[in-house]
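Trainee: Full structure from sequences and hints, please.
For the record, the sequence lines run as chains A, Y and X. The first sequence: position 119 = 119 (the numbering used here), numbered continuously. The second sequence: position 55 = 55 (the numbering used here), numbered continuously. The third sequence: position 75 = 75 (the numbering used here), numbered continuously.
Everything labelled a hint here was simulated from the structure, so no lab data went into it. One or more of the hints may lead you astray.
When the alpha-carbon atoms are kept at most 30 angstroms apart in a straight line, the in silico DSS-like pairs for lysine-lysine are as follows [unchecked claim]:
1) Lys143/X / Lys57/A
2) Lys143/X / Lys231/A
3) Lys288/A / Lys222/Y
4) Lys231/A / Lys222/Y
5) Lys234/X / Lys288/A
6) Lys11/Y / Lys58/A
7) Lys24/Y / Lys143/X
8) Lys287/A / Lys220/X
9) Lys234/X / Lys287/A
10) Lys133/A / Lys220/X
11) Lys220/X / Lys203/A
12) Lys278/A / Lys77/X
13) Lys168/A / Lys11/Y
14) Lys287/A / Lys222/Y
15) Lys11/Y / Lys263/A
Predicted, not measured: the structure shown is a model, and the values here were computed from it.
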Amino acid sequence: MSIKKLKKDIFVHFIDNLIRTVKVIGVQAKGERFDYGLLASAKDLRLDYDVTLQPPKKYFLPPVETLVTYEVGDGYSSQYDCEQFVLIGVHPYDMVAINQLDELFRQDNVDSHYFARRDNATIVACDVVNPSKNVFASSMGTATVKNGYDVLLTDIGDSYLAEAATEKGENLLAKAAGAEEANKEDLNKRQQVWDKNEAGLNKHQLQCKVTDLPRLLGRAYNHPVWEEKAKTCFNCGSCNMVCPTCYCFDIQDDVGWDFITGKRQRAWDGCLLDGFTKVAGGHEFRKKRADRFRHRLYRKGKYVPEKIGGQIACVGCGRCIDACLPDIANPVNVYNRLVADLGVK
Amino acid sequence: MAICQRCAAEKDIYLPRLVTLEKKRLMNPTEMYIRLSFDESEPFDFIPGQFVEVSVAGIGEAPITVSSSPTQKGYFELVVRRIGNVTNAIHRLRIGDKVGIRGPFGQGTYPTEEAKGRNIVFICGGIGLVPQRSFVNYILDNRADYGELTVILGTKCMAQRFFHSELDAWSHRNDIKFMETVDEANDCWLGNVGVVTTLIPKIEAELRSALVFICGPPIMYKFVLLALNEAKVPHENIFLNLERKMKCGAGKCGHCQINNFYVCIDGPVFRFSDLSIAPEAI
Amino acid sequence: MDRPRVAIFDFACCEGCQLQIVNLEEELLELIDVLHVVEWREAMSEQSREYDIVIIEGSITRPEDEKRLEIIRTRAKTLIALGACATIGGVNKLKNNFNLADVKQCVYGKAANMPHLDTAPTKAVDEVVKVDYKIHGCPIDRKEFTYVIRCLLIGKRPEIPEYPVCVECKARGNPCLWDYGQVCLGPIIRAGCGARCPSSGFRCFGCRGYVDDPNINAAKDVIERYNLSVDALKGKMVLFGSGQGPTNA
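Mentor: Here you go:
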């Protein structure tokens, strides 16, 4: 697959032309922060962003979506959103998260609603230019990414290097008029960006190898840290809502005013929330705050990894740290505490 | 919203298919027996222990374990306790009404093969009889394949008993040993009184070599497991039917998770020895 | 489907929640198509004595209102508390923080002792009669209102969020208003509003009432972390949080 060099003014033309032909989602400023949104012009695209408020997963698993509609007497019919779009600016850690979601929504039972969106997306990832204040991707091995994207952009100063990794990516880059072939020096510059990020996206340093986490958690179930941290947990679910790898959802029905037609929707849910495990009749299986707090970090460090070949389901984006009002959500703090108390065996 | 051809051809795990309510019977103040049949001749193959998600249009879905045996073809039976929105709506359904069905779900089923030739004991608490009945009847329909069959049942009070005639038939058969107790009884009751564990010492089959299946309210598991421990039943031979909030049925939504297990795909029937790493289970 | 007989009564309130119903516009036509509204002072004059559904707006602030409400309850199969005044006592409960004589003097001045101005500590509707459903908010969310009505018509208990406003706020991609110096009550207040205020840059005032199990320890911790005093937080909570009872129904 090809690696092109796009001077920044050429890149702007390329994006503006793209916007005329296909729906383009890109990272833009939102107040003092950044977030993904429908891109109206290349000048709004901010590939120098630190971190987006929301991870890009909402384009594959929206906060609310209709799964099926029904008509009494006629039965149920599937609803899909299969509009093609280009998603620009996905940081490596978020790309890793999308790769994990792909695997999770594929295994056991294929979730066709997720893949309707996913398969219609062309993902243009981009290497981090400015680290956010709580990123720890270097600790998690997610500061750079090698697969999943269609195109990977790297800012090398006056140009972007654009590597196509798929046929979709090649087709996209073919539209970039004025693109040059990357030379050895360009690739060296890119390698420097990668080297820098692999060490430098690390505002919190995990004190063990990321691959040690499942075994560490295997010995930490009754550690006091869960109770201590959960004491000041609002169970507000903010950490769940901003997490790029959280994918729990609720399903609810709503009936139309004709009382004949209606829809079944799914909406984001969170394992930290009171009521998450409550069954009809009122019994709640994970009622204690500490148990719910522990469950989230076990999902990230043990349960989900066991389902996806050992990959840790925390990608080090730091969003939960930003979002947690009582400042207890930082996974590194908890994992380091366990390393300190239990050691790495 | 236009749907592309590729999507339209996808299998949708969230899409219910319609079945018809053929029979319904209120079995006690809270439990409704229903029998559902398929309009098309599409096969519905399930293994005892599997559950379905039952949809009532506009109300929602509820996970309910199939109570009939797969040896009965063309229909299946559920017993529905009136407890939430969907189950209340199911109680209000009329004969001939359509309901949506997804499933069957669950890879953790009754081990119909492994149990062949073994002595089998079912320990049921109240509504816990419902899922167990699927495998009990499966064994009765393939009686020669299995060893001694014992079913013990504890119910809170007489008014909550159900499947009277079927239980009566079991107690008169020679190829199944059925014992029953109620927690509280009045003078009309001539049978055993006390919790279900009081029947365990009365089981004649050798417990240590039997496969034991437990299903009942959460509190019951603790006491039954203690009793089985005393009887030295190996944990590999004990199976528990666990209930959680199975919402998607597909191992995605996260609600039914017990530590690293999803009840909807890894269960609902679990081998007790597998649960040693899942403290949230019991 | 038989159209249920519906009545709407108001007690101490601004009638803003009823106004939200009137403001349903096109959906209002759908609503009156499926409901038989037999009593609604704000919109019509017909009267009846038996009701399938009674909607109560407002809080209870006078002894005679308690009696009136009790009579209404005996005539209602289902009773819905509509809006913050009805579900949690609302702004009217501010009164309960003061001496009642002072309150009367402050509001009515010289006329304070007139018998028809008699007043009592404010109560939410469920402090007087049994409430079957609560539609929270100041004002109510129109979508939630119509959802609840449709649910009742198909015999379904509406699923009102148990989780706090933060869930809806974060799902909408908002930055936390605490980062911008606002004392937002989102983490302890029941969601269902779609985080309307924080999405518009205003802190959550708490009009939908507390979640079932708000974490007091967490609140104390955050107050310290942000160098606030307990009184400062209480000051933010008093508008809707005075003497609040359970918010689930």
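Trainee: Work down the list of hints and note, for each, if the structure agrees.
Mentor: Now for the hints, and whether the structure bears them out:
1. Lys143/X / Lys57/A: holds, 26 angstroms
2. Lys143/X / Lys231/A: Violated - the C-alpha atoms of Lys231/A and Lys143/X are around 35 angstroms apart, more than 30 angstroms.
3. Lys288/A / Lys222/Y: holds, 20 angstroms
4. Lys231/A / Lys222/Y: holds, 29 angstroms
5. Lys234/X / Lys288/A: holds, 27 angstroms
6. Lys11/Y / Lys58/A: holds, 22 angstroms
7. Lys24/Y / Lys143/X: violated, 36 angstroms
8. Lys287/A / Lys220/X: At roughly 22 angstroms apart (the allowed maximum being 30 angstroms), Lys220/X and Lys287/A satisfy the hint.
9. Lys234/X / Lys287/A: holds, 28 angstroms
10. Lys133/A / Lys220/X: holds, 25 angstroms
11. Lys220/X / Lys203/A: holds, 27 angstroms
12. Lys278/A / Lys77/X: holds, 28 angstroms
13. Lys168/A / Lys11/Y: This hinted pair holds, its Cα atoms lying about 25 angstroms apart.
14. Lys287/A / Lys222/Y: Holds. Lys287/A to Lys222/Y sits at ~19 angstroms (cutoff 30 angstroms).
15. Lys11/Y / Lys263/A: Holds. Lys11/Y to Lys263/A sits at ~19 angstroms (cutoff 30 angstroms).
Of the hints listed earlier, those the structure fails to meet are numbers 2, 7, in rising order.
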